Amino acid sequence: MESRYNPAKNVFIDSIDVEDYINLDSSLNAYDQLLHSIEKPLKMILLFGRPGTGKSILLNHLYQNQKEQKELYYFETPTTNEKEFFQKIFKIITKKDLPPDSQVNFSTLVDYCRSLRGEREIIVLLDEAQMYSQEMMERIRLLSDTRSMKFVVSLHKTENEDLIAKEHFQSRIWEVIELTNGTQVDIQSYIHKKLLKKSLFEVANAIKGSHIKLIHTLTKGNYREANKLLFTVFELYEYYDRNDPSKIRYDQLSIKIIEMAGIKLGYIHV
Amino acid sequence: MYDVEGLEKEWKRYKSKQRTPWIVSAILIILIIIAIVFRADFSAILSKYSKDDNSSIKREKIKQESTPLKPYVPTMAPKSESNHTVQKTAPLKSESNQTVQKTAPLKSSEEVNQSAEKKKVPPMTIEVSDLEAEPVREHKRKYLKIEVTDRYPAKKKQTEKPKKTTKKKKKQTIKSVEKNFSKSRSYYDSLYLARAYYKKGNYPKAQKWALVTNDLNSKLEESWLIFAKSKAKLGERREAEQILSAYIGKTNSTKAKALLRKIKKGKF
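Chains as they are written, first to last, in the numbering used here: chain A, 1 to 270; chain B, 1 to 268.
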């Protein structure tokens, strides 16, 4: 028999599926900003933030919402191979596959893009752009200079990468959108909305303010970490529900189990 | 699946670690509070011990240095030369000389035992206590120190005595006021006696003298109050209440009202 906590656990499996996208005040704001930026005649837009702040899901959400209205392409997985990357670009522009055993001549590609100026506006969403080499980024910049192609570059913000990003994009980026970790209120509405989306009302009601406070402290407001923590919490609940139900209460989440999950994930060091 | 039991153990360790600083700080706070509350007692105990320590050290010194009595006598002489101190120190000098004479033969004989030396200490202290009364002899520090320590029990005696004397004095004054009243028939005297007996806890007499005062001057509020208080103290609360309510009816006195309230509540 399936435990009552199994569906709750599955809610928090980390994904960038648009169906799992949660509209929060902060994410709505970032989305509006992004939408407004791609309307402008900007060449490159940088979506910036620490891992787990919702960059990928935001890009995906934008793609799913705007792909019918705009010529939008989403590169979810970064292509480290230059040849492969430009083959993809070629296919986007010409809408044809490159003949086998042939290579894209970059200067011809740039010339072709220039000829498309005013006719088409191709928007490419590049996720995990920190994976691209500096040379490739330079070529992407040259393509964006043709004004027929726009790039939305999503980039992780770690201390080192922050510097690289600043140096690399300083002269090329026209718009920077930064995503930050959620506040306590953000985390609360994120968790509750996620559970309510799957009609898990009882579980959502069992998560009170003190639990949110603890979850926020442990995860520092990071959505991915919050997903991980709650997944572990409900996995532990599932265990107790099957093996020792006297140890859990169904109407209220246990601080002890949250802390146990925190220990398990290394947020708490014993 | 995780090792949930192991995780539970880790959680227990984490909780105990988390609680220890709170427990330690709570204990510290309690200790600080205790120290603050009993500060006076601690200081008293400390001072007592420090005094005891000083006295033991000083006693040892006295035992070791039994000779300082000799230089003591000659130092008295030049001081007596001053005009003011001559008259005051004159009797003391004679006393000190006497003690020196007493102790001198003991020191001259080499067969003096330790027990004999111990016996020598009390006369020294008597002598020094006399000296201490004189502010002129400040330079005799050793003797002053001895006096301070040995005086400690003596001080108690001195403090106890005045209590007895004041009690005696009070008795005497009450008697004399009573005698005086038979002649003067003054309500000042009778009121004084009512007050005095009430303070002493002799409520029947306090009641009697309050009545006498009231006969002489019925307007004196204090006589009414002492009378009612004495009644209440003797367990006659209803009467006390009646007296007070009668007096309140006449004068509307706030003091009487307050007293009546106290008696009614049983707080008196």
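Keep in mind the hints are simulated off the structure, nothing from the lab. Owing to the predicted nature of the structure, the values given are computational and were not obtained by experimental measurement. Among the hints, erroneous ones may be present.
Unchecked claim - Taking lysine-lysine and the BS3-like style, the derived pairs with C-alpha atoms no more than 30 Å apart in a straight line are:
| # | chain 1 | residue 1 | chain 2 | residue 2 |
| --- | --- | --- | --- | --- |
| 1 | B | 48 | B | 17 |
| 2 | B | 199 | A | 208 |
| 3 | B | 267 | B | 219 |
| 4 | A | 228 | B | 15 |
| 5 | B | 15 | A | 220 |
| 6 | A | 9 | A | 43 |
| 7 | B | 12 | A | 247 |
| 8 | A | 256 | B | 9 |
| 9 | B | 169 | B | 199 |
| 10 | A | 220 | A | 198 |
| 11 | B | 17 | A | 213 |
| 12 | B | 219 | B | 257 |
| 13 | A | 9 | A | 91 |
| 14 | B | 179 | A | 9 |
| 15 | B | 15 | A | 247 |
Tested hints:
Of the pairs offered as hints, the one joining residue 48 of chain B and residue 17 of chain B is violated, with about 43 Å between alpha carbons and a cut-off of 30 Å exceeded. The straight-line distance between the Cα atoms of residue 199 of chain B and residue 208 of chain A is roughly 66 Å, outside the 30 Å bound, and the hint therefore fails. A distance of roughly 27 Å separates the Cα atoms of residue 267 of chain B and residue 219 of chain B; the hinted pair therefore holds under the 30 Å criterion. As the CA atoms of residue 228 of chain A and residue 15 of chain B are separated by approximately 22 Å, the hinted pair is consistent with the 30 Å bound.
Between residue 15 of chain B and residue 220 of chain A the alpha-carbon distance is near 21 Å, which keeps this suggested pair within the 30 Å criterion. The suggested pairing of residue 9 of chain A with residue 43 of chain A is violated, with an alpha-carbon distance near 41 Å, which exceeds 30 Å. For the hint linking residue 12 of chain B to residue 247 of chain A, the alpha-carbon distance of about 15 Å falls within 30 Å, and the restraint holds. Distance check on the hinted pair: residue 256 of chain A and residue 9 of chain B sit about 12 Å apart at the alpha-carbon level, within 30 Å; holds.
Distance hint between residue 169 of chain B and residue 199 of chain B is fulfilled; the C-alpha atoms sit about 15 Å from each other, no more than 30 Å. Annotation: proposed proximity of residue 220 of chain A to residue 198 of chain A holds, straight-line Cα distance about 25 Å (limit 30 Å). With a C-alpha separation of about 21 Å, the suggested pair residue 17 of chain B and residue 213 of chain A falls inside the 30 Å cut-off, and the hint holds. Restraint check for residue 219 of chain B and residue 257 of chain B: the C-alpha separation of about 16 Å stays at or below 30 Å, so the hint holds.
Pair hint residue 9 of chain A plus residue 91 of chain A does not hold up; C-alpha atoms about 40 Å apart against a cutoff of 30 Å. This hinted pair does not check out: residue 179 of chain B and residue 9 of chain A have alpha carbons roughly 101 Å apart, beyond 30 Å. At roughly 17 Å between alpha-carbon atoms, residue 15 of chain B and residue 247 of chain A fall within 30 Å of each other, so this suggested pair holds.
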